[in-house]
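Visitor: For this one, chain A is given, so just place chain B on it according to the hints.
Residue numbers (my numbering), protein chains in the order written: chain A, 323 to 434; chain B, 22 to 134.
Treat the hints with care, since some could be wrong.
[Said to hold, decoys possible] In silico lysine to aspartate or glutamate, DMTMM-like type, Cα no more than 25 Å apart, as pairs:
| hint | chain 1 | residue 1 | chain 2 | residue 2 |
| --- | --- | --- | --- | --- |
| 1 | B | K57 | A | E391 |
| 2 | A | K382 | A | E398 |
| 3 | A | K374 | B | E105 |
| 4 | B | K57 | B | E105 |
| 5 | B | K62 | A | E364 |
| 6 | B | K39 | B | E88 |
Please keep in mind that the hints were generated in silico from the structure rather than gathered at the bench. Keep in mind it's a predicted model, so treat the numbers as computed, not measured.
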Amino acid sequence: GDSVTQMEGPVTLSEEAFLTINCTYTATGYPSLFWYVQYPGEGLQLLLKATKADDKGSNKGFEATYRKETTSFHLEKGSVQVSDSAVYFCALDQTGANNLFFGTGTRLTVIP
Amino acid sequence: ETGVTQTPRHLVMGMTNKKSLKCEQHLGHNAMYWYKQSAKKPLELMFVYNFKEQTENNSVPSRFSPECPNSSHLFLHLHTLQPEDSALYLCASSQEDNGLGYTFGSGTRLTVV
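For reference, chain B alone in the conformation it holds in the complex:
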């Protein structure tokens, strides 16, 4: 257990479904991140939250909607996804300016059918 918990570990959803991914950290970190990891592609940074405020959105389609209700929780709401959105979605957290890098969760393996 790394200190960053992601649920569910696996998710299969249809293109018309709505689902949410959850990430939780109790490390006292003040920044949280969503990454997408697809086969044979580099890690893609999707969203960054610092102190609960979204500071980066790397041209992510609107069918992905993040939510950060507090500094310990991060959600990724999914709706009307496409098969090409199937990937491993990784959450990470960090303490800004401590230079110690990120702590990652184990990821949610998403399959869109």
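Looking at chain A on its own, in the form it has when it is part of the complex:
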């Protein structure tokens, strides 16, 4: 069945460090891929998405490229800020029918 595997946290980085959070998926067909972010005390917010192979989603300095050959959608940011501290969830939507499969989440803490 469809599934998403993302790196376990927690991840702790210093401000301005480079961030990578790995995400790989298992799916038949051509799913859409998403990153959601959850700030403390809040619900999940859509951070970025990509709907087909080689698409790059980007938002707020974060990027992720849909790599079909490696079935991956790794999240990256060149220079993190304290305000990026949150839990990040990778997700896939198999058929465009909005049946999202979520990863377990990766907690990021950025220290000044």
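Guide: Chain B only, in chain A's frame:
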């Protein structure tokens, strides 16, 4: 404000109480969801409603009872809960087949004492 509003934001209830969580969306979406988020556990999909019809119930105990009176409102009725039911309950909505993912509410932090 994301477009999905959940009330209350926080709820403390005893094990013998009956309470309800409310979710409201005016995004024109036709699907709504309840998720449970517990510490150190993955997001758990509880219920799915498409066009007001329940289409999924992932083996949720009967002490949780959903209600979807129309496509904009979703309730989760709670009764005789257990302390292990303490969690963040998230509501989400989506437009089926648009591939744009879900819009989440801010959640209700439930504590059962």
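Visitor: All hints, please: hold or fail.
Guide: Hint check results:
1. At most 25 Å may separate the alpha-carbon atoms for a hinted pair to count; K57(B) and E391(A) exceed this at roughly 33 Å.
2. Pair hint K382(A) plus E398(A) holds up; C-alpha atoms about 11 Å apart against a cutoff of 25 Å.
3. Taking the CA atoms of K374(A) and E105(B), the gap is near 40 Å; set against the 25 Å cutoff, the hint is violated.
4. Between the alpha carbons of K57(B) and E105(B) the distance comes to roughly 12 Å, so the proposed pair stays at or under 25 Å and holds.
5. Of the supplied pair hints, the one linking K62(B) and E364(A) holds, its CA atoms being roughly 17 Å apart against a limit of 25 Å.
6. Proximity of K39(B) to E88(B) is assessed by CA-CA distance (about 15 Å); at most 25 Å being required, the pair is judged to hold.
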